[in-house]
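Participant: Residues per chain, in single letters:
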Amino acid sequence: MKSEIWAIGGGKGGTGKSIITTTLGIYLANHGKKVSLIDADLGGANLHSFLRIKKPKKSLTDFFEKKSPLNEIIIKTGAPNLQLIVGDINTFNPTSIKYTQKLKFFRHIISINSEFILIDLGAGTHLNTIDSFLLADKKIVVTAPQITSIENSYNFIKKALFRKINRILRDHQLKDVARNAWKNRNVNEIKDIKTFLYYLKKSSVQVKNLINKELKNFKIDIILNQIRDHNDIEIGFSIKSLLIKYLGIDVNFSGYIKYIDSFWDYYNGSQTHTSNKNVLSTPLLNEDTHGLVNNLVEDKQLNLFNP
Amino acid sequence: MCDKKLKKYYELLEINVNATLSELNRAYDRIKKIYSTESIATIPIDNEFSKKEREKILKRISKAYSKIGTHIIEKKKKKKLISEHDKISEKKEGSITISGSIIQQIREMQGLSLLELSKITKIPEYMLKDIELENYEKFPADDLLRIHITNYTKFLSIDSKEAADDYMKRYKKWKKKSKKEA
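Here the protein sequences line up with chains A and B, keeping their order. Counted from 1, the first sequence has number 1 at position 1 by the working numbering; the numbering is strictly sequential. Counted from 1, the second sequence has number 50 at position 50 by the working numbering; the numbering is strictly sequential.
These are computed hints drawn from the structure, not numbers from a lab. Any given hint could turn out to be false.
Stated by the list, open to error - For lysine-lysine, the following DSBU-like pairs were computed, each having C-alpha atoms within a straight-line distance of at most 30 Å:
| id | chain 1 | residue 1 | chain 2 | residue 2 |
| --- | --- | --- | --- | --- |
| 1 | B | LYS63 | A | LYS202 |
| 2 | A | LYS219 | A | LYS300 |
| 3 | B | LYS59 | A | LYS201 |
| 4 | A | LYS159 | A | LYS76 |
| 5 | A | LYS66 | A | LYS76 |
| 6 | A | LYS159 | A | LYS104 |
| 7 | A | LYS300 | B | LYS33 |
| 8 | B | LYS32 | A | LYS201 |
| 9 | B | LYS33 | A | LYS258 |
| 10 | B | LYS59 | B | LYS32 |
| 11 | A | LYS159 | B | LYS52 |
| 12 | A | LYS159 | B | LYS80 |
| 13 | B | LYS67 | A | LYS219 |
| 14 | A | LYS104 | A | LYS57 |
| 15 | A | LYS194 | B | LYS59 |
| 16 | A | LYS54 | A | LYS76 |
| 17 | A | LYS213 | B | LYS4 |
| 18 | A | LYS213 | B | LYS161 |
| 19 | B | LYS154 | A | LYS219 |
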């Protein structure tokens, strides 16, 4: 079975990446898809809490350090189609994992018997986070209509693009071109990713073609969380347009999720919601999620004129 | 306009190539607002994405808007023409007569003048006019008239045999009647 890997990131903490990953996973599983969730949140893995299971003892650290096979660290959830793999603070230790190991990890992930593998990248723009993001089939950025969230999302996307371009040039034995450009950035008048790309493209036709090709293939899916009104939805369209026109990448505004006032009551309060233990749910499973998941699965986006 | 250029304009306005005129207007309003006002989406990249650059984009957007607008209107006109043509053809199938004035309408919808048609079909301009106005008394011999009608309607993509049959039937009826009266 060929599995599709979705990475859910976006820089800022608290935008709802974990609950969205959980919600997407449960939705797909409830619709008969085999789904694996991977919690790769550095700061605090807590997908298990949203799935109402106890913190598992085995984690990805066992895979990387003790060479445990992946299927030994897979955890069952309340839904038969849904399973969980947990990372922890040691898993993505800055110095512990080489790029080749990450590639190996992704090869192993694909071998899990799942149609969808959803990775919650957590907050931050650590290299391991960025690399996992870039290796995924679908690069999902969760943001919220707050200036700090949007700023962090831009930074996250820019960092990912920067990493991707460097990697592509490296794969074509053009590592020094990028390195020298960046090293002498003051002389070369490189101030940001845009001027960096501009400088590189001028250096040779080969580099220019490589970069243009990468930009065209660099596709981001945006999910806007915690929206409160129609104006907030417009922010999503603005983010999309600005990213397309500023960076030259491909962006889908896949959908939004409404702000829910009583969100935490669902998890903090009594367990009445879980009376039916065979059906997992989250407070975000609603009409909007339905449209959102369909857009993601079918690679469509929000209707421009009837969002 | 070349398709590639047009596609670029649509991309610039971030709309589908099948967008309607009202969709175009809404997309234009939205995108104009994005690049001409400050919002929490623009402020974080204000330093890198300069005002000057955004103004350049605005200019390109407004050019794209007018180009696409023209394109959609032209497309609409063409479509209307075809659908009206179809309507007339349908009428014809419902055995409603193909009168001279219907032939004239179809010609005008295709934007053709009598002079142009005369040059192409080699039928004298006055004769084409007589056919359209049904100036029965000025018509030539039946055989010649039939050939003219056939050639003329064929050029307008009307079923020429049917048109000629129908037209001649009415003409002969008129001739018989006027003979009787005489």
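Participant: Determine for every hint whether it applies to the structure shown.
Facilitator: Here's how the hints hold up against the structure:
no.	hint	verdict
1	B:LYS63 to A:LYS202	holds, 28 Å
2	A:LYS219 to A:LYS300	holds, 12 Å
3	B:LYS59 to A:LYS201	holds, 25 Å
4	A:LYS159 to A:LYS76	violated, 34 Å
5	A:LYS66 to A:LYS76	holds, 21 Å
6	A:LYS159 to A:LYS104	holds, 23 Å
7	A:LYS300 to B:LYS33	holds, 24 Å
8	B:LYS32 to A:LYS201	holds, 29 Å
9	B:LYS33 to A:LYS258	holds, 24 Å
10	B:LYS59 to B:LYS32	holds, 10 Å
11	A:LYS159 to B:LYS52	holds, 24 Å
12	A:LYS159 to B:LYS80	violated, 51 Å
13	B:LYS67 to A:LYS219	holds, 28 Å
14	A:LYS104 to A:LYS57	holds, 23 Å
15	A:LYS194 to B:LYS59	holds, 20 Å
16	A:LYS54 to A:LYS76	holds, 11 Å
17	A:LYS213 to B:LYS4	holds, 18 Å
18	A:LYS213 to B:LYS161	violated, 57 Å
19	B:LYS154 to A:LYS219	violated, 53 Å
Figure legend: structure checked against the earlier numbered hints; hints not met, in rising order: 4, 12, 18, 19.
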